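Asker: Okay, here's what each chain looks like letter by letter:
Protein chains: 2
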Amino acid sequence: MTRRFALIIDPVDASEERADFAETFTVVDAAAPALSVGELSTQRGDGVFESIGVVDGHAQEVIPHLERLANSARLCDLPVPHQEQWRQAVAVAASECPAGESVIKLILSRGVEHGPTPTAWVTAAPASDFTKVRQVGIKVVTLDRGYGLDVAERAPWLLLGAKTLSYAVNMAALREAHRRGADDAIFLSSDGFVLEAPTASLILRFGDRFTTPAPTGGILHGTTQLSVYEHLAENGLDAGYDRIPASDLPRADAAWLVSSVRLAAPITTIDDVDVPVDHALTSELNHYLLSPRD
Amino acid sequence: MTRRFALIIDPVDASEERADFAETFTVVDAAAPALSVGELSTQRGDGVFESIGVVDGHAQEVIPHLERLANSARLCDLPVPHQEQWRQAVAVAASECPAGESVIKLILSRGVEHGPTPTAWVTAAPASDFTKVRQVGIKVVTLDRGYGLDVAERAPWLLLGAKTLSYAVNMAALREAHRRGADDAIFLSSDGFVLEAPTASLILRFGDRFTTPAPTGGILHGTTQLSVYEHLAENGLDAGYDRIPASDLPRADAAWLVSSVRLAAPITTIDDVDVPVDHALTSELNHYLLSPRD
Chain L
1 MTRRFALIID PVDASEERAD FAETFTVVDA AAPALSVGEL STQRGDGVFE
51 SIGVVDGHAQ EVIPHLERLA NSARLCDLPV PHQEQWRQAV AVAASECPAG
101 ESVIKLILSR GVEHGPTPTA WVTAAPASDF TKVRQVGIKV VTLDRGYGLD
151 VAERAPWLLL GAKTLSYAVN MAALREAHRR GADDAIFLSS DGFVLEAPTA
201 SLILRFGDRF TTPAPTGGIL HGTTQLSVYE HLAENGLDAG YDRIPASDLP
251 RADAAWLVSS VRLAAPITTI DDVDVPVDHA LTSELNHYLL SPRD
Chain R
1 MTRRFALIID PVDASEERAD FAETFTVVDA AAPALSVGEL STQRGDGVFE
51 SIGVVDGHAQ EVIPHLERLA NSARLCDLPV PHQEQWRQAV AVAASECPAG
101 ESVIKLILSR GVEHGPTPTA WVTAAPASDF TKVRQVGIKV VTLDRGYGLD
151 VAERAPWLLL GAKTLSYAVN MAALREAHRR GADDAIFLSS DGFVLEAPTA
201 SLILRFGDRF TTPAPTGGIL HGTTQLSVYE HLAENGLDAG YDRIPASDLP
251 RADAAWLVSS VRLAAPITTI DDVDVPVDHA LTSELNHYLL SPRD
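Residue numbers (full-length UniProt numbering), protein chains in the order written: chain L, 1 to 294; chain R, 1 to 294.
Isolated chain L (complex conformation) (with noise of 0.2 angstroms):
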């Protein structure tokens, strides 16, 4: 997955009027240099970011990813990012993607050190083939996020809603679950509360009640799985957000990872306890995600 195609949005042209922001876009080779050591995002992972799934050429659910990135720069204190400057870039990028699934990232990082504006830039690359970890599932591990569910809203500066470039811990839960023989991890609260994955979101089935943690206490609200509650509740399935205890997770009669690329990822084992898999609803829901949505 080599990132093929990078443009910089120009930080300080984000007026309203303008309809031809693409004219205002530098396209840049994404495998040359182009960002300065200066750059915060790089000294200190301070920025925002989104990753959006490609098919076909169409970029998924834009809108909602353009408004939690704008929910992650008012967290972090960032100027709030122009939607429709940034919807033009990832129109830009979408046209540079091949046949097949892609991934449009954005970043929004807070720019140079001492520099006058955030820096900003958008990348497209073809997306990594996860055909068979749909079908097959994953193994995963329940790993203590070390925070009590209830220090998000007391402690806004720990940036828990926030999508930020910070991602040094969710890398190494990933690299920890991988240790022990599993391809993903679920992160607990440190009060025995299931939360998400380091880069999806859960949702399970108990009984005939689909749920996921609800996105408070730190939770990022996920936008595929905003789609998969749209597209179930569309079929008259009950779906909801609960706080649920650790102790519920082997209980669970179906349980996936969503995210914007890997979509709708089967849950086979959490913590070597087997997981039923509804082979048939995965299906479902992945041929619902791979359809162009808005």
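Among these hints, one or two may not hold up.
[Stated by the list, open to error] To be clear about the criterion: a stretch of chain L counts as covered by chain R if any three or more of its residues have a C-beta under 8 angstroms from a C-beta of chain R, and this derived list gives those stretches: (1) 21-33; (2) 40-50; (3) 148-156; (4) 161-171.
[Unchecked claim] From the derived model, a few chain L residues whose C-beta atoms are all more than 12 angstroms from chain R: (5) 79; (6) 82; (7) 98; (8) 125; (9) 130; (10) 132; (11) 183; (12) 208; (13) 231; (14) 233; (15) 236; (16) 276; (17) 280; (18) 294.
Calculated directly from the structure, the hints in this document are not laboratory data. None of these values were measured; they are calculated from a predicted model. Beta carbons: idealized from backbone N, C-alpha and C, even for Gly.
For this one, chain L is given, so just place chain R on it according to the hints.
Answerer: Coordinates of chain R only, in the frame set by chain L:
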């Protein structure tokens, strides 16, 4: 504080045998593009760093910083940096520093996504002028770090002992401190113990005893704190490591935040409670910290 000088370290060229690493470094324009958008430092804050103070061209405490960089790398499953190669890189960067105070920053990133090696670079820049801060002192507020004191040992994937590039929370804590009319912050554990500042260590004095939070519980062992302790010991003073309840803070007879570039900043208030300032000792500490040290 604009970065004036930067060099890239060849990560595959760290053989024990060669003495001429300096010939393998690539000097780059610190203001020009040098890093690609695929850099994992910039996409995920995935890497580790150190900041080294430089006084009149002499880089301070280089080996302790390189040892901590190596420890951070180990905690993050990164290739351990080759100490002699980095020592030479620091020497080259220091030779570019003018008279007065500068800062050298070392960065070891996981590299470009799906790339074969880490990326590593060193920058040098003039330091901000902290002369007045060292005399007048700083106001600090306490902020919850969200983690219990025992979490680091239980959950190493939280990388609490590593100095990673994922510093968004540290920066947000400083912004919160500024919003509250303070200059800096002291993090507390969720169970009420004193930890460290977002970019500095805390040293307190109670009566004749100097104390700092024990560098477990995910506290970074401060290189400047170690230097200060060495100096205090040479002067026959009692300096130790303790588990310090936050409720002890208002009783402190003196307090400092110490770090590699700002050095010893005396604390004048903690959460608006006055702390006595020992001007004579502070001045002596900074005189010592500004003297050439290895």
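Asker: Next step is simple, just say for each hint if it's right about the structure.
Answerer: Now the hints, each set against the structure:
1. 21-33: n = 5 at 8 angstroms, threshold three: holds.
2. 40-50: It holds: at least three residues are needed, and the segment 40-50 of chain L offers 8 whose Cβ sits within less than 8 angstroms of chain R.
3. 148-156: That given contact holds, which follows from 5 residues of the segment 148-156 of chain L lying within Cβ reach (below 8 angstroms) of chain R.
4. 161-171: Holds: 9 residues of the segment 161-171 of chain L have a Cβ under 8 angstroms from chain R.
5. 79: Given a closest Cβ separation of 14 angstroms, the condition holds.
6. 82: holds (20 angstroms)
7. 98: At roughly 18 angstroms from the nearest Cβ of chain R, residue 98 (chain L) sits farther out than 12 angstroms, so the non-interface label holds.
8. 125: violated (8 angstroms)
9. 130: holds (16 angstroms)
10. 132: holds (19 angstroms)
11. 183: Per Cβ check, residue 183 (chain L) is outside 12 angstroms of chain R; nearest 15 angstroms; holds.
12. 208: At roughly 35 angstroms from the nearest Cβ of chain R, residue 208 (chain L) sits farther out than 12 angstroms, so the non-interface label holds.
13. 231: holds (30 angstroms)
14. 233: Given that every Cβ of chain R is farther than 12 angstroms from that of residue 233 (chain L), nearest at about 33 angstroms, it holds.
15. 236: For residue 236 (chain L), whose nearest Cβ neighbour in chain R is about 40 angstroms away, the distance exceeds 12 angstroms, so it holds.
16. 276: Holds, because the least Cβ-Cβ distance between residue 276 (chain L) and chain R comes to about 28 angstroms, which exceeds 12 angstroms.
17. 280: Label holds. Min Cβ-Cβ 34 angstroms, cutoff 12 angstroms.
18. 294: Check passes; 26 angstroms lies beyond 12 angstroms.
The structure fails to meet hint 8 from the earlier list, while all remaining hints are met.
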